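Can you build the whole structure from these sequences, using the hints too?
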Amino acid sequence: MPPVIPPVPGHDDEFFWAGVRDGRLLVQRCADCHELRHPPLPMCPHCRSLEWEAAELSGRGTIHSWVVSHHPSEPDAEPRVVVVVAMEEGVRLVSNLQGRAEDAAIDLPVEVVFEDFGDVVLPQFRVVAG
Amino acid sequence: MNAAIVGIGQTEFSKDSGRSELQLAAEAASAAIDDAGLTPADIDGMVTFTLDTNDELALMRALGVPEVRWMSRTPHGGALASATVQHAAAAVASGAADAVLVYRAFNERSGRRFGQPDAARRGPAWNWYLPYGLDTPAKIYALWFQRYMHTYGVTNEDLGRYVVLARKHAATNPNAWFYGRPITLEEHQRSRWIVEPIIRKLDCCQESDGGVAFVVTTRERARDLKQPPVGVVAASQSHLWGGDVMFNYYHPEVADFPEATALATQLWRTSGLTPGDVQVAMLYENFTPVVFQQLEAFGFCGRGEAKAFIAEGNIEVGGTIPVNTHGGLLGEGYIHGVNNVLEGVRQLRGTAANQVPDVDHVLVAAGRSAAILGRV
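Just so you know, the protein sequences line up as chains F and U, in that order. Per the numbering used here, the first sequence starts with residue 1, numbered consecutively. Per the numbering used here, the second sequence starts with residue 1, numbered consecutively.
Keep in mind that the hints are not guaranteed to be accurate.
Take a look, some chain F residues computed to stay more than 12 Å from chain U by CB distance [as the list claims (entries may be wrong)]: (1) His11; (2) Asp12; (3) Asp32; (4) Cys33; (5) Arg37; (6) Val67; (7) His71; (8) Ala129.
Simulated restraints, written as ranges between beta carbons of each label pair [claimed, not checked]: (9) Asp116(F) x Ala96(U): 29 to 39 Å; (10) Pro9(F) x Ser14(U): 51 to 61 Å; (11) Pro275(U) x Glu53(F): 47 to 57 Å; (12) Gly350(U) x Pro9(F): 22 to 32 Å; (13) His150(U) x Glu53(F): 49 to 59 Å.
I should point out that these hints are in silico values taken from the structure, not numbers from a laboratory. All values reported here derive from a predicted model rather than from experimental measurement. Cβ coordinates follow ideal geometry from the N, Cα and C atoms, glycine included.
As structure tokens, this is what we get:
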């Protein structure tokens, strides 16, 4: 299991990490104009509302971009595949693809899983079977 | 703009300067002031990066500058390297200062290395990246470049053709760290992956120790000084909604570089120039792909055409638009892109190591900031 630098949640994103601990992938939805947004912001950029609710995503999306993350100058046992996932609801988020780099491809359908790294639970993605 | 660059100065570019960052700043600044034929008492404005560790007051004390009446700093690191020109030009054009000293100095190889993972980067903005292993600029940018390469069918070998060219230019520039050390495409392809499958070690800018500085004043005053003045024809920045410092993942289409495209539109409009009016382009390259994106954004070639444009020899000295004639940040050194401004000035003075004939205008582009310099 790779070493993970845990997030430092603050006012604007505590809901996201609480959701992850409960196995739910949450993003902000404006309470007034209902636009989704991610990464979190204290104000809706479409209508400037400060009111929002946490909306649970389906967890399904496609790989929008990917790279393999190695340590730049030291050997690392477990390189990680970093992905930008385009979620089917329209927002994008950065995460990891479980498995090997050979499995990664742009536009590949993926779905969220929640993995416990000891200090932190992170949303991760896996290729949709079939 | 009523502004001109009248003096340039620098230290050597190395991997271990053996002296403090303040000394590097002082040496570069002192050389720039001498080059202009000014004295420290003439300097009344200062500009540097927010990331520069050298406090303005410390540098004033070292140089013996008696009074400064205007200071500013540019954020976001190298993306705003050319914004230092804009800040200084705006200050002298408005009368806020008469002579502005711009400096950037660091021990980026022997001291804090930007390319190493830094767990101390913490806080809300990093929560979306650090836990997933995006802990260096190379990884962060590569995740964006992947879209460009995927969209236009660009391979790492295509990138290598730029690197060979940059190292060719550096090989004949005595100021370059890689002076006398050209490479082949095979050597590029043998260098190890830094971020697979996008960039290899030789696609990354150097890590360098060194300092650079330049002095900006009004065009009227420039006429009476020692050097042939280099006018600031236009200088601007572009920041678009949805962008981020390095994490350009959220624009609707992220294959291209939308900020660079918007910046090009601004600069061609305000200067009244076209890409054909520029004889040399300095294009910031922390990593190779951003040269491709900027060539296309500024209209030197069409979308997706950079790989062919480079392969056909257009950006070599002797080509249609020579790029990074000093060897770029890959070949000369990485002084956060401000060394590109100095090379632009040398090309306009006619004193560059790889001099292009009859240079009237030089573009110095750094992603989200750019300046057009010209003969006065």
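Which of the listed hints are broken here? 1, 2, 5, 6, 7, 9, 10, 12 and 13
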